[in-house]
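The listed protein sequences correspond, in order, to chains A and B.
If you count the first sequence from 1, position 154 lands on 153 in numbering that gives the first Met the number 0, and the numbers rise without skipping.
If you count the second sequence from 1, position 340 lands on 339 in numbering that gives the first Met the number 0, and the numbers rise without skipping.
The set of hints was computed from the structure by calculation and includes no laboratory data.
None of the values given here were measured: they were computed from a predicted structure.
Please note: incorrect hints may appear among the correct ones.
Unchecked claim - If you anchor each label on the Cβ, the simulated ranges turn out as follows:
hint	chain 1	residue 1	chain 2	residue 2	range
1	B	242	A	332	18 to 24 Å
2	B	579	A	142	41 to 47 Å
3	B	250	A	342	21 to 27 Å
4	B	242	A	202	45 to 51 Å
As the list claims (entries may be wrong) - Which bits of chain B does chain A cover? Going by a derived footprint, with three or more residues having C-beta under 8 Å, they are:
hint	stretch
5	199 to 211
6	413 to 419
7	425 to 438
8	518 to 530
Even glycine gets a Cβ: it sits at the ideal position worked out from N, Cα and C.
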Amino acid sequence: MSDKPARAARPVKLNVINEPKDSYTGGPSSLCPGCGHDQISNVIINAAWENGIQPHRIAKMSGIGCSSKTPAYYLGQSHGFNTVHGRMPSVTTGAYAVNKDLLYIGVSGDGDSASIGIGQLIHAIRRNMDMVYIVENNGVYGLTKGQYSATADIGSKKKKGPINETQPIDLCALAINLGCTFVARSFSGSKKQLNSILKAAMSHKGFALIDVISPCVTFNNNDESMKSYGYVKENEITLHMTDYIPHFNPITEVEVPEGHFRDITLHDGSTIRLETISKEHDPSDAVAALTALHQAETNAKHVTGLLYFDNTKASLTEDLGLVDKPLIDVADDELRPDKSTLDKINAAFLG
Amino acid sequence: MENIVNDFTINIATANGTGSQSANLILLQSLFDMGVPVSGKNLFPSNISGLPTWYIIRLSDHGYQAPGNRTDVQVLVNPATWAEDLAALEPGTVVVWNENSKLEMDRDDVISYPIPMTKIARGINPKLAKLITNIVYVGALAEILGIEQSALESAVAKQFKGKDSAIELNTNALNLGREYFRENLAKSDPYRVESREIETPQFFVEGNEAVALGALFGGAQLLSWYPITPSSSLAEGMINWIPKIRTNDDGEATCAVIQAEDELAAAGMVLGAGWAGGRGMTATSGPGISLMQEFIGLAYFAEIPSVFWDVCRVGPSTGLPTRTQQSDITMLYEGSHGDTQHIVLFPGTVEECFEFGWRAFDYTEKFQTPVFGMSDLDLGMNRWACAGFDYPSENMDRGKVVRDRDVFEAFEEFGRYLDVDGDGIPYRTLPGSGMAPILYRGTGHNPMGVYSEKPHDYLQLMTRLRNKIDSARDQLPAPILREENECEIGIIYLGSMENTIQEIDDILESTGLKVSQCRLRALPAHSEIEKFIERHETTIVLEINRDGQLYGILRKEIPINLVPKLRSVAYSDGMPPRAKIYADMILESLKEGSQ
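Excised from the complex, chain A in its bound form (with noise of 0.2 Å):
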């Protein structure tokens, strides 16, 4: 391009369906700069813009948290619905009981996800309910300031309080269990993986679990690192600003190809491994996934990839035995029965 003369106006590009990106955008984000959250978001945008869904079939699902304000800054064309702490699954279970036919994406916490909603979680996936659930995972609780979640790594440090000591919950292990039908791991500086991860399970018949790992800029530190919030707090002294946020670049884009790992070097210094799951890895297998998380988890490694996949359990639709158009759809003279229904109701019970 460079070496091309710059023209006045490129043409849109366009979709599928005719749709430019801008038709799948949000609002501005006000997360700290340089979150992760923001770079899924972005994907998010990316995926349903590059599936060709009319961006008004998307309903947008959250809780409570960091996570859970993104909606807010993706696909501003959906209906969306920022919950309570942990109810999403449950909100949108009902309004898919109601309307089967929008593409419920939801976006969730570790906090949101892993404790005070686990059990929302479960039984989603139990329902197999048609959904895609994005775990944007931390570690950290961010909107009250950075308390350990149930994510957290054994050996986590924050800048004030112990080491954490409690063994992390894996949600992607949880879900394997679980049978739930679509589970993957990525990272959120991973745009391409996640990408494609992401398309593949908003075309998915099921509960898709995406568990992202996206670093805290703020808050998932420790003061030793030349990064951290306490460092740069510590010198910055002299401007007494006791709420200074450092602004962070978003980490660098970074894919690890299949088989293979990489360090990835953390805003504070501090490096986790990635490592893409093989291409031999079948994710039919439940048993070699589960192996995979254990393995990975053994030599302090995070894998990535879709790690599990079954399309052959029926859905929460199925279960439902509902009429086929959604509820929303059926006419009013249709749900209310005929008079003559309740007369013979009345008769009946006068025997």
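Let chain A serve as the given structure and place chain B on it in line with the hints.
For chain B alone, coordinates are given in the frame of chain A:
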């Protein structure tokens, strides 16, 4: 000895899980089929098998439906409560007791009818003796009281629909019970039943089943529920009726049912359905409503249609799970944290259970706010006479939902929470419509539905919500008034107290006191309530709880000059209300007031 006809109370003491419920329902149904005004109360334990159960049958030509103030005929089958039950009886009570229980019958001031129930039952079928024992006492009672054989047989046939061997076995046991009394004992008591001409044919139905049917005629599209006594039979009633009245020719339903993982999820699903444009409901009891509080606040604040049925039991905490009370009034009316106020409907009859079952959906969609139905274990789980359900008199009110683009385009400006009509009720579009999409939220928002913490936006929103609910009061079911000309004493009551109020009224009248009755049927209170209080010198607020919850609400809302006119009479011991207790308390309260 003068006969006492159709005016006495039978108390049957058995253990649960022994089949006594079938026997008692046969007894009740046979009396009902003879045209005897009758009501039955099942006092059962929170247990599956082996704990004491009492069944109280009140026969009353006056139409009184509360348990009487004393037991006139006692059936003793359960050894566990034998001594206690016996000790509680007043002299002269008829005692029909199982001679084979090996327990002593040590009262000589009662009319004693020993029946070898177990022995007779064993003679029919030793393996089923425990079950048959109960039918034997029904047979004996039939002989003692003069219950028609044809009524008994038809009740047996109703109870065991089409199961010929069960019908034969039970009829045999009835006859042997009857024969034993005839051949071995002589009637020495005054109690008799006489058939009455049936002017309007009626049937027995439980309030829970009536709500279930009403909801299905109200176009319910989602039932999400978590099992809890005493509401489970409401949900199960819907599950039972959906295949019959809410499916197409292929057996596909137009109402989804999801048994949720807990009450929080049940509430969440109701909100999800309402948000998406459907009619969602749940059925629960007090503990479930406690768990749903967070969602109730969200539904109020984000203005999501949602219907919650609370079949009240005795609180607090797990309380007495199988006993009745009206103790969730405040929790429903002011549910969730922050300033809230909710629409609550209080059916007092099974006909109203049906009616409010469908109306609840119209109110919730019209006012875009959660709507509660509150009944209780007594109304919900006991059988009440019903002349038939009336077909909904109005078409469904789907509220201010913009479904067509033409209508949408005609709005100058569309905001989800914009008060276009000045009635506090905004317009909404549905997910999937592509019209005016917003991110619904439980956080503060401006009229456009956008996040806001601005004082003006918050104040405007909270004021509009208050005005919206306030404007509902005269559009909700008006109170039922039965007024005296004198207007001295008024009684405001609600819900299942309807079944006891006339007896209370008659007791008060027997002391020379004329009282007007006013049955409140919804909150926020209809403006007629205030006028009723104004018209009467003194108004008693009568309710089945300890604290006078409705009294508290009315006292807060009526003009201050009317407050001194109000008195609270509130009482609950877990038992269905007995008229004399409340009448005495009212008299006491009036006496205190006059001093």
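Tested hints:
no., hint, verdict
1, 242/B to 332/A: 18 to 24 Å, "holds (20 Å)"
2, 579/B to 142/A: 41 to 47 Å, "violated (58 Å)"
3, 250/B to 342/A: 21 to 27 Å, "holds (23 Å)"
4, 242/B to 202/A: 45 to 51 Å, "violated (33 Å)"
5, 199 to 211, "holds (count 4)"
6, 413 to 419, "violated (count 0)"
7, 425 to 438, "holds (count 9)"
8, 518 to 530, "violated (count 0)"
Violated hints, listed in ascending order, are 2, 4, 6 and 8; each of the other numbered hints is respected by the structure.
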